[in-house]
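> Sequence:
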Amino acid sequence: MAEHRRLKVGVVGAGHISTIYLTNMTTTFSDYLDVRAVSATRIESAQKQADKYGIRAMTTPDLLADPEIELVVNLTPVPAHYDIIKTALTNGKHVYTEKVITDDLDKAKELLALAKEKGLYLASAPDTFLGSALQSAKKALEEGAIGEVTSFSATASRNNWLMLSAYSFLRMPGGGTCLDYGVYYLTAIVSLLGAVDEVCAIVKAPFKKHVCINPLAKEYGQEMDTPNESEVAALLQMKSGVMGTFTLDADTGVMDRNTFILHGTKGVMLLENPNNFGGTVKVYTGENDPALYPDWWEQKVEEEILAPANPYTENSRGVGPADIAASLEKGVPCHADAQLAVHVLDVLTSMIRSGGTHAFEKTTTDCAVPEFFPGL
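The sequence shown begins at 3 in our numbering and counts up one residue at a time.
Treat the hints with care, as some may be off.
Stated by the list, open to error - When the alpha-carbon atoms are kept at most 25 Å apart in a straight line, the in silico SDA-like pairs for lysine to any residue are as follows:
no., residue 1, residue 2
1, Lys141, His265
2, Lys284, Ser159
3, Lys88, Ala59
4, Lys118, Leu330
Calculated directly from the structure, the hints in this document are not laboratory data.
Keep in mind it's a predicted model, so treat the numbers as computed, not measured.
Using the sequences and the hints, build the whole thing.
Rendered as structure tokens:
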């Protein structure tokens, strides 16, 4: 097996999500990544993760200035993203950040321009679209499995009564259901079908306060301000001409129930929750020749379950940073390039803006469709 140049990694943020990143980056993706340090606002949190993974605990300013660190993996809440990413890029470091890239489109465009100016890789979560399910779907679409895609529909639920009590960052700017959860669906849609041209949406935030029901939280039993959007129903027009709908409701009593379907001239494709790397992808097709059926309207439909297109069937967070290292070695763009993240942010903020204008809102960015990802 060929040896690869391993990028020296510093992780900023030692919260809940850092465990899966650190675990995968120090095991599954260790051929490409050499994790050296972790930082956090509370040095005690950084030290706990540092001790667990045998790395250094640092303050964030020290980590961002450390000349040894080549790639910063930013796992902080959205309001902190801009300053951390800008400082890392200014200091000559590649960056992979948790979603969304920022909560402000102009700032996101600025960071993208800065990365290009300095010749650095800037990439963003979600990297779930690099998993086996969506890459299987991508491969099948490219092979014409359902013909020409004509439309799509995605609906999903969340349970804010639980989520807002468990994660305080969901109550911060950029933590609304569009930017925190809708980002998975929009990233999946754009990665498969290309850029969005315009969007019209109804966006609501009907529950401005919630009582904290998490017995482990300091706010337990107290009323919390919850100002962010929690419901969206949107109509999207893609630049390719494909149209689709997206509905997300976080004000439900049940978590993560979804329907995600692509319609094509030869059949339909049924996908699962794009917050996951794996899952079952089904393709339904049928011949249109009436001679094949006893009665011409009783079409026989065939079901095919797609085989995984790459190894990432389980939670593989960290594949995005590893892909930066692999792409840098090859001198090619990485798959989760920030151009995709900036466009998805553009679409999501256009949805929110449309919720106020009740009119179609044009996007102001474009992005290339990421190439098929067979794995590292």
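> Hint by hint, note whether the structure agrees.
Comparing the hints with the structure gives:
1. Taken as a hint, the Lys141 and His265 pair is honoured in the structure, with Cα atoms around 16 Å apart against an allowance of 25 Å.
2. This hinted pair checks out: Lys284 and Ser159 have alpha carbons roughly 21 Å apart, not beyond 25 Å.
3. With a C-alpha separation of about 21 Å, the suggested pairing of Lys88 with Ala59 holds against the 25 Å cut-off.
4. Taking the CA atoms of Lys118 and Leu330, the gap is about 14 Å. The hint holds against a cut of 25 Å.
This entry satisfies every hint, going by the numbered hints stated previously.
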